[in-house]
Structure formats: C-alpha cells, structure tokens
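Visitor: Can you build the whole structure from these sequences, using the hints too?
Going by the numbering used here, the residue at position 7 of the sequence shown is 1; the numbering climbs one at a time, nothing skipped.
All the pointers check out, no bait thrown in.
Straight-line alpha carbon distances no greater than 27 Å define the calculated DSS-like cross-link-like pairs of lysine-lysine that follow: (1) Lys94 <-> Lys113; (2) Lys63 <-> Lys97; (3) Lys113 <-> Lys97; (4) Lys47 <-> Lys35; (5) Lys61 <-> Lys47; (6) Lys94 <-> Lys63; (7) Lys113 <-> Lys61; (8) Lys94 <-> Lys61; (9) Lys97 <-> Lys61; (10) Lys113 <-> Lys63; (11) Lys47 <-> Lys94; (12) Lys36 <-> Lys47; (13) Lys47 <-> Lys63.
Label pairs and their in silico Cβ distance ranges: (14) Lys47 <-> Lys97: 25 to 33 Å; (15) Ala112 <-> Ser56: 17 to 25 Å; (16) Pro104 <-> Ala66: 17 to 25 Å; (17) Trp33 <-> Asn114: 35 to 43 Å; (18) Lys61 <-> Leu34: 38 to 46 Å; (19) Gly60 <-> Leu34: 40 to 48 Å.
For the record, the hints were derived by calculation from the structure and aren't laboratory data.
Keep in mind it's a predicted model, so treat the numbers as computed, not measured.
Glycine included, every Cβ here is placed at the ideal spot set by N, Cα and C.
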Amino acid sequence: MLAVNILSAANGVVQVTPCAARLYLLSADRNEEVKDMSWLKKLTSGLRKSSEKVTQNLSSLSRLFGKEKIDAASLEELEDALIMADIGVSAATDIVAALKGHKWQGEVTPDAFRRALAKNGLKF
-5 MLAVNILSAA NGVVQVTPCA ARLYLLSADR NEEVKDMSWL KKLTSGLRKS
45 SEKVTQNLSS LSRLFGKEKI DAASLEELED ALIMADIGVS AATDIVAALK
95 GHKWQGEVTP DAFRRALAKN GLKF
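Guide: See the structure below:
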C-alpha cells in the first residue's frame, strides 16, 4: 500500500493513504464552499431585511401623494422613514433637500415626485 507523508503541526509527519489525502483535500475545498455559501446567505438575508424596511416605510411616502404641497412635518417624516429603511443619512438628506425647494404644480403624484427628484439631479 502506498503512503503519503503529510506534515502535521501538532505531531510532526503523519503517513496516510492517497485516498485519505484526497478526501482531506476535498473536505478542505468543501469547507471553503460552505463559508462562501454562508457569506452569500448573510448578504441575501441583509438585503431582504433592507427591502422589507423600505416596503414598511413606503406608507410614509404614499401619504405625501394627493396633497397640493408637501409640508415640513411630512418631509421630516419622509426623511426619518428613508433613514430607517437603510437608504443612508446623506441620501435621505439629499432627497428631502431636493423636495423642500420644489414648487409643486397641482397634486403631488408619484410621477410628479419622481420628476421633482430628477429635476434636482436625483434619479430613482
């Protein structure tokens, strides 16, 4: 029977069969695969949570629609909702700043909202 020498930090040199060596190497590759999968699962889970937060906070945004203008209290509520949805403080601040200075013509609709953001260089 053939034997392969494998260095072991704890015990010096250990002799194993080629089959055992292959199994060892395959299990090491499998462990790397499992680590990558767990990272991917963590990323997917994090993105799912952010998406759920955005969906939950869209009710704040929908309350803006149908009004003739957006008042300061509504903008503050919108900014809080965007921050809580993990959009980020600077992005939320930019969105609210773009909406503060906008002159609304008629009713605030989702399309008018997007146009107001686009007019200020923000596209969604």
